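Take the sequences, apply the hints, and build the full model.
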Amino acid sequence: MAQNKEFHYQQGERILCYHGPMIYEAKILEADNKHPKTNLPGPHYLIHYKGWKNTWDEWVSEGRVLKFNDANLAKQKNLEESLSKKGRSTVKKPAQETTAEKGKKRRRDTLTDKDESVKKPKINIPVPDPLRAILVQDWENIDKSSLVVPLPRKPSVKDIISQYRTYRNKKGGQESDGIANEVIDGVQFYFNKCLRSRLLYTSERQQYRGIRNKFEQLDNSQIYGAEHLLRLFVSFPQLISNMNLAEDTLDTLKYHLSDFLNFLNDHRKEYFIDEYQKFKD
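In terms of our numbering, the sequence shown is residues 1281 to 1561.
Since the hints were made in silico from the structure, they are not lab data. A portion of the hints provided could be inaccurate.
Beta-carbon label-pair distances, calculated as ranges [to be verified]:
| # | residue 1 | residue 2 | range |
| --- | --- | --- | --- |
| 1 | 1462 | 1312 | 17 to 23 Å |
| 2 | 1496 | 1351 | 53 to 59 Å |
| 3 | 1492 | 1292 | 48 to 54 Å |
Given the structure is predicted, the values throughout are model-derived calculations rather than measurements. Cβ coordinates follow ideal geometry from the N, Cα and C atoms, glycine included.
Written out as structure tokens, the structure is:
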């Protein structure tokens, strides 16, 4: 590794690094005055993303690297929060308001001032770093490489949920098994309900139509697997924001969903596939 004062980061240093729109924790493995493959001049670093496979190690320019400190950790958090809101509709100010519209606006403002409970609930479900890496790989396979998940998947979402239910009921814990099972049932319900509208990339829709025609008698949770289930967990914060839930209910929901996500992470080698395939009509 070339080490001199031109480099702002050193071998073995813990850093943050941009990968696509996100910022991830990483480690400096090597440094060079130019990119070893493209020969682009300037400081470049070979980095390893924490929790990711070594195949994701890459040379990056210094512009993508950030010091691991409180300020940049806050930037990482703010970026995650802003991206989670992407796609939500924004409120546009009309050019002119009629008298009726002004009256409705005044009534809405009065209601908001008097009743803070109308605010949408917010919930953050931390995604373990290895699962974040899987999400990025999933996106690249489908969006960049035009691949699809081979279907039907085994184990299916229904299989995974059944295995988690067995694990959770044996584990017990601070929440009752009754509440745990309600949340588990909800995961399966929302997967079946949301797959077509929320969990598919555009390039997957033709595959969806074909597989549904072939397996009309099956639920989505019996056809799809961990790859699409993980996408559901990423969508849960926005789904939950549209529900009228009390604070203690949100805490309970977050506890159980996080526990399920950690279970998915612990069994990721069993549940997630490494090879996607070209779509065949």
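For each hint, the structure was consulted:
1. 1462 x 1312: 17 to 23 Å: Hint violated: Cβ distance 55 Å, outside 17 to 23 Å.
2. 1496 x 1351: 53 to 59 Å: 54 Å, holds
3. 1492 x 1292: 48 to 54 Å: Taking Cβ atoms as reference, residue 1492 and residue 1292 lie about 51 Å apart, which means the hint holds.
Checked against the numbered hints given earlier, the structure breaks only hint 1 and satisfies all the rest.
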